[in-house]
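Just so you know, the sequences run in chain order A and B.
For the first sequence, the numbering used here gives the first residue as 1, with consecutive numbering after it.
For the second sequence, the numbering used here gives the first residue as 183, with consecutive numbering after it.
In short, the hints are calculated from the structure, not lab data.
There could be a bad hint or two in this list.
As the list claims (entries may be wrong) - DEER-style ranges, computed between Cβ atoms:
(1) B:L404 <-> A:G77: 22 to 32 Å
(2) B:W396 <-> A:A33: 30 to 40 Å
(3) B:W396 <-> A:G126: 51 to 61 Å
(4) B:S222 <-> A:T90: 28 to 38 Å
(5) B:W396 <-> A:R180: 52 to 62 Å
(6) A:D69 <-> B:V370: 52 to 62 Å
(7) A:P134 <-> B:S334: 46 to 56 Å
(8) A:S39 <-> B:R426: 45 to 55 Å
(9) B:L404 <-> A:A128: 39 to 49 Å
(10) A:A103 <-> B:W396: 37 to 47 Å
(11) A:N42 <-> B:R331: 46 to 56 Å
(12) A:D84 <-> B:V238: 18 to 28 Å
(13) B:F377 <-> A:G126: 45 to 55 Å
(14) A:D84 <-> B:R426: 19 to 29 Å
Stated by the list, open to error - With the C-beta cut set under 10 Å, the calculated list includes, among others, these residues of chain A facing chain B:
(15) R48
(16) V136
(17) P139
(18) P140
(19) G155
(20) A156
(21) L157
(22) A160
(23) P164
(24) L167
(25) A170
(26) A172
(27) R175
(28) Y176
Note that the structure is predicted; figures quoted are calculated from it, not measured.
Here a beta-carbon is modelled for each residue, glycine too, at the ideal position from N, C-alpha and C.
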Amino acid sequence: MKILLAVTAILLAMLAGAALAPRTAAAAPGTVAVMLTPSQLNIVMGERFTIRARFVNPSAAATEPLIADLNVASLTGVYVDLEDWSVSRTHDLVPIAPGGSAALSWDIQAVNAGSFDVYIVLLPHGPASAGAGPLVASPPVHVTVAGRRALNAGGALPIAVIVPVLLGLAAAGARYRLRRTA
Amino acid sequence: MTASTNLRPAGVQSRIPAAGHGTAGWWVVAEQECRDLWLSGRGPLLLFAFSVLLSVMTYLTASNQVLNFLEQREAVGLTLQIAVAVGALVTLLVSADAISGERERGTLENVLLAPVSRRTIIVGKFVSALSLWLVAFVVSVPYVWVLGRGVSVVGQALLLGLVVGTLLAVALAALGLLISGVSNSNKVSLSVSLFLLFALFAPTQLPTGLPQGWFGDLLLRLNPVGAGLHYITAVLVDGHAWTRDVSYLASPLVTAVLAGGALTFASSRVLRLTAGVSGA
């Protein structure tokens, strides 16, 4: 009986110890602060711009591996195909040390006119936390894209017609001359 | 000058006239080859096809609603890339016919009767093939101008196209002559050159913005056409300094030097008659 009590006490002590021991501290993504620059942009359709993100971990534990995902939301109902805006939306973020920071940037091309919010979402990517959350969203960068017709089709048409016509006449002339002399 | 060029049979005339005083032999050969290329109708016909392609591309770039989000620099870059790539590749095709074609038509004997060295004949053919690229470049000028006016990019684009295009044309013309010289028939020469043309041009159609790793970058740098076009985009569209990505021009330069060197040193083997091959 004494032995049974002793074993039970040891098991309880082990369970309590496991519950109370500090977990190999990984900071939840919710503790990471995200800052984006610039805060707003006024550009013209087709223009390229870069969004720079700085991730700061103010907690006392390192973060787990994270994924930073770029998103563009239209505020005017325009359909946004993100593949057209950026060829590399998702970046892996290695664990950030306590008090440390990391930086990433996205090269983006504005392919639609309208008003948009560009933001970054952080997702946990550790072996235990992947798919569990919580997610962290950055403050949005407000991007206003003015539409334009960059190229003048009317100006291109005369060149597109005249050059081949002249060269076609020259080629036909050369063939005619060759046949006459043959 | 090789022994065979000195042994001209009595009464047999070369179609290449003898060089006059003060006229270099290669110039006389080049003049004759250019006359064949441009007056036979082959050169003008190729240029006509080239201009139709550029016209379609230019009009689509300027008018198509889907393509119209392109920045003006990108539109100029796209048209310039097509002009450089197609101009240089047409040069490859013309040079691929230069020796094997003459051999097959039975006119190589006449060429070899000219009182000039075989190396001189190859230089003349090389210059003639390059003339196609230079005229193709002149044809592309109005297209670049109409797309690039207003953003002060035309001068830079034309200079860039001339430099990169000439480098590519030199490399591909030398390669074409080499292939033509070692091929037993014109069919083989043109087939190999066409395959080379597609092999060099196909990778340039892959999406450029995707991360490709060191191996992808190595393949891009090894392909003279891909590397040259990448350099044009880097300078014209991305706004990089001319010196920043200049290492991409290494493969066109190395190809030009190696193929040109092989042509120079093996000119007597490249420009040879083959038993049983004659158009007569």
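Hints, one by one, checked against the model:
Evaluation of the 22 to 32 Å hint for B:L404 and A:G77 yields a failure: the beta carbon distance comes to about 47 Å. Checked against the hint of 30 to 40 Å, the pair B:W396 and A:A33 passes, with Cβ atoms roughly 34 Å apart. Restraint check, B:W396 to A:G126: a C-beta distance of roughly 28 Å breaks the suggested window 51 to 61 Å. In this structure the hint that B:S222 and A:T90 lie 28 to 38 Å apart at CB is violated, the actual value being about 57 Å.
Here the CB-CB span from B:W396 to A:R180 is close to 60 Å, well matched to the stated 52 to 62 Å. Taking the beta carbon of each, A:D69 and B:V370 are about 53 Å apart, inside 52 to 62 Å as hinted. For the pair A:P134 and B:S334, the beta carbons lie near 51 Å from each other, so the given range of 46 to 56 Å is met. The hinted range of 45 to 55 Å is not satisfied by A:S39 and B:R426, whose Cβ atoms lie roughly 30 Å apart.
With their beta carbons about 44 Å apart, B:L404 and A:A128 fall inside the hinted range of 39 to 49 Å. Distance hint check: the CB atoms of A:A103 and B:W396 are about 23 Å apart, inconsistent with the given range 37 to 47 Å. In this structure the supplied range 46 to 56 Å is violated for A:N42 paired with B:R331, their Cβ-Cβ distance being about 25 Å. Under the hint 18 to 28 Å, the C-beta atoms of A:D84 and B:V238, about 23 Å apart, fit the expected range.
A C-beta distance of roughly 50 Å is found between B:F377 and A:G126, which places it inside the suggested range of 45 to 55 Å. The given range of 19 to 29 Å is respected by A:D84 and B:R426, whose C-beta atoms sit roughly 27 Å from each other. Because the smallest distance between the Cβ of A:R48 and any Cβ of chain B comes to about 8 Å, under 10 Å, the interface hint for this residue holds. Interface hint at A:V136: violated, since its Cβ lies 24 Å from the closest Cβ of chain B, which is beyond the 10 Å cut-off.
For A:P139, the suggested interface contact is broken, since its CB lies about 27 Å from the closest CB of chain B, more than 10 Å. For A:P140, the shortest C-beta to C-beta distance to chain B is roughly 22 Å, which exceeds 10 Å, and the interface hint is violated. Evaluation of the A:G155 hint against chain B yields a held restraint, the C-beta minimum of about 6 Å falling below 10 Å. With a cut of 10 Å, the hint placing A:A156 at the interface with chain B holds, because the nearest CB-to-CB distance is about 4 Å.
With a least beta-carbon distance of about 6 Å to chain B, the hint placing A:L157 at the interface is held under the 10 Å criterion. The interface hint given for A:A160 holds, since its Cβ lies 4 Å from the closest Cβ of chain B, which is under the 10 Å cut-off. Given the 10 Å rule on beta carbons, the hint for A:P164 holds: about 4 Å separates it from the nearest Cβ of chain B. The restraint placing A:L167 at the interface with chain B holds, with a minimum CB-CB distance near 4 Å, inside the 10 Å limit.
Interface restraint check: A:A170 against chain B, minimum CB-CB distance 5 Å, threshold 10 Å, status holds. Hint on A:A172 holds. Least Cβ distance to chain B is approximately 8 Å, under the 10 Å limit. Given the 10 Å rule on beta carbons, the hint for A:R175 holds: about 4 Å separates it from the nearest Cβ of chain B. Annotation: interface hint on A:Y176 holds; nearest CB of chain B at approximately 9 Å, less than 10 Å.
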